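*Asks:* Can you build the whole structure from these sequences, using the hints too?
Which chain is which? The protein sequence lines are S and D, in order.
Going by my numbering, the first residue of the first sequence is number 1, and it counts up by one from there.
Going by my numbering, the first residue of the second sequence is number 1001, and it counts up by one from there.
Derived from the structure by calculation, the hints contain no laboratory data.
A quick note: this is a predicted structure, and the numbers were derived from the prediction, not measured.
For each residue, glycine too, the CB sits at the ideal point set by N, CA and C.
Heads up, some of the hints might be wrong.
[Unchecked claim] Derived DSBU-like pairs (lysine-lysine); straight-line CA-CA distance at most 35 Å:
1) S:Lys149 / S:Lys51
2) S:Lys160 / S:Lys31
3) D:Lys1115 / S:Lys149
4) S:Lys259 / D:Lys1165
5) D:Lys1115 / S:Lys293
6) D:Lys1115 / S:Lys31
[What the hints assert, rightly or not] Which stretches of chain S does chain D cover? Using the computed rule of at least three CB atoms under 8 Å from a CB of chain D, they are:
7) 198-204
8) 208-219
9) 262-276
10) 319-327
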Amino acid sequence: MKSQTTLKMMLAAGALSVGMSHGANAQDTVKIGSVLSVTGPSSFLGEPEDKTLRLYVDKINAAGGVAGKKIELVIYDDGGDANKARTFATRLVEDDEVIAMVGGTTTGSTMAMIPVFEDAKIPFISLAGAIEVIDPVRKFVFKTPHTDKMACEKIFEDLKRRNLTKIGLISGTDGFGASMRAQCVKVAPNYGMQIVADENYGPRDSDMTAQLTKIKNTAGVQAVVNPGFGQGPAIVTRNYAQLGMNSIPFYQSHGVASKSFIDLAGAAAEGVRLPAAALLVGDKLPDSDPQKKVVTEYKQAYESATKQPVSTFGGHAYDGLFILVEAMKRANSTDSGKIRDEIEKTKGFVGTGGIVNMSATDHLGLDLSAFRMLEIKGGDWNLVASGS
Amino acid sequence: MAEFLQFLISGLTVGAVYALVALGFTLIYNASGVVNFAQGEFVMLGGMVTVFASAAGVPLPLAAVIAVVAAVVIGLLLHRFAIEPARGASAVTLIIITIGASILLRGLAAIVFDKQFHKLPGFTGETPIDILGAAVQPQSFWVLGGTAVVVVALYVFLEHTLLGKAVLATAANRLAARLVGINTTTIMALAFGGSAAIGAIAGILVTPITLTNYDVGTLLALKGFAAAMLGGMGNPLGAVVGGLLLGLLEAFGAGYLSSTYKDAFAFLVILIVLFAAPQGLFGRRAVERV
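*Replies:* Here's what the structure looks like:
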């Protein structure tokens, strides 16, 4: 019997040229793969994702694993390079033989990896923002972060409530800003919004007063929306205050939803509104809020383990990992196909990003209630009560 | 009019930073014929060291001095351990070395500091000043004034001190300079130290306006290089005019034309200038000796 197994293993090794060093304990562990941008320009996204995955996989294993099996996490760092991401994706599928994948920090690397996982029929839960990841729906691809389209809709909903319809856009020309700008322009008519000014700035620009002056001098602008990401929106916000435009309501996107935005923009950030996940205002949520428990526990666990402030980006990785783990429990199997079917059946999953209800036509499963409208007051986030 | 002034001042402020970066390029280029692509990293170091020193409790003026000293030390090390051992190599080789050095410095900064953006408080408050309807950050005056001081100091140094004349002599003809007893290696080191100091000063002055992080230098080096080319590589006056012009082109391009194409517009103008005057606005015409 033993020699037969050995023979099988040798044959398998020969045929597939796969390292079998883990063969001995293959019965007790399952491999989950991840490709993240831990270094490079998107490292501020990839780093918290990486830390979150490692932290929680250790916790899960310490608690006995999933369905009696320990999880072995295989993480590769693509450095923000989509080419590398694709190479690592192939390695995860062919060498590591992962049963599922949680990762893909940026939209670029996610899109590059999708064909690999689709061909291998391995479920892939992406952590990238753009709607292209799940629209059109691909059988094996899911994602956890809110889309930029939802952010636009949330902002427009708030504007509509305040009876403001003529807006100025000032967008970054980076991937995030350009994509969100396009989505905002697309959904604006649905909310009766009229875009009267449409300006852009480069992601590394250091002064946006020229663009803002133009918006300021455009007749009829009732509110300004800034789709952008990184330090750009902080400079826009500072210039906005410099030009004395505070009387015009100003909206940022979920792209700036981290404490450092308030630090960088300083007093100029007062009164700025933005849609963001519940994670940022965990302590301010009413106790009745279904997400309160999840977000406060995640925040506490992450901050005590890493000594760094929590970000929504790590939260996306938390959601992805637990959607997968829950699906594995329900499937009670390590078969990728069965796990995929169970991921698609995710209903009422309470994550840091919202309450996830997936379906065959919706591989994100979040609605607008996943976003909270926040206003910056006194150097901190505050929930905007609906109706104000 | 208020609009015009707003664009003008915002263009001059950004342009002054480009001018300082371009000056750094010019100084090293003059002494060694090398285009130092690590110039942007000196700007980054100036800002980042000041941020972290002042976060550690050092008063801002002292933090700024520490930052300049740190940048100069790194500039000298760069010269001693990367450029000097390769002397005699072609200019292209040396330029590639500086590109390598810039990647190294950026990587080290990401590890030693962090990858987040940081800010400094404005030196004299952050309440905008109203000038004929244009809102101006007080820091803009620091940037413009600081640039003017650096330019004048550099001019006086080059034209009215023996050491400065030695730099010019080395620039004009290295062999001849050595024959009259100038230690050209020291002059080269001086150029690297000086241009690191100029870069660091630019970084300190501009951080309250533009914020800084570990890779803020990449784009500044590119813009500074474009400014130096526009003004004429090797001419300090050209570097300043080129920098200011580039800043103004961007601001007026974004304000009056299209913000989407403002960079394209600025570079288009540079291309046209270089077609008409390949040596740049103030460049020396290169004379090939046969």
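*Asks:* For each hint, tell me whether it holds in the structure or not.
*Replies:* How the hints compare with the structure:
Restraint check for S:Lys149 and S:Lys51: satisfied, since their Cα atoms lie roughly 28 Å apart, inside the 35 Å limit. Straight-line distance between C-alpha atoms of S:Lys160 and S:Lys31 comes to about 48 Å, which puts the hinted pair past the 35 Å bound. Straight-line distance between C-alpha atoms of D:Lys1115 and S:Lys149 comes to about 28 Å, which keeps the hinted pair within the 35 Å bound. Between S:Lys259 and D:Lys1165 the CA atoms are separated by roughly 52 Å; this puts the pair beyond 35 Å, and the hint is violated.
Under the criterion of a C-alpha separation no larger than 35 Å, the hint pairing D:Lys1115 with S:Lys293 is consistent with the structure, at around 31 Å. A C-alpha spacing of about 31 Å is found between D:Lys1115 and S:Lys31, which places the hinted pair at or below 35 Å, so the restraint holds. Only when three residues or more bring their CB closer than 8 Å to a CB of chain D does the claim for the stretch 198-204 of chain S stand; here the count is 5, and the claim holds. Note: the stretch 208-219 of chain S has 6 residues with beta-carbon separation from chain D under 8 Å; the three-residue rule is met and the coverage holds.
For the stretch 262-276 of chain S, the assignment as covered by chain D holds, since 4 residues bring a beta-carbon within under 8 Å of that chain's beta-carbons and 3 suffice. Residue count for the stretch 319-327 of chain S with a Cβ under 8 Å from a Cβ of chain D: 0. That is fewer than the three needed, and the coverage hint is violated.
Violation of the numbered hints given earlier is confined to hints 2, 4 and 10; the remaining hints are satisfied by the structure.
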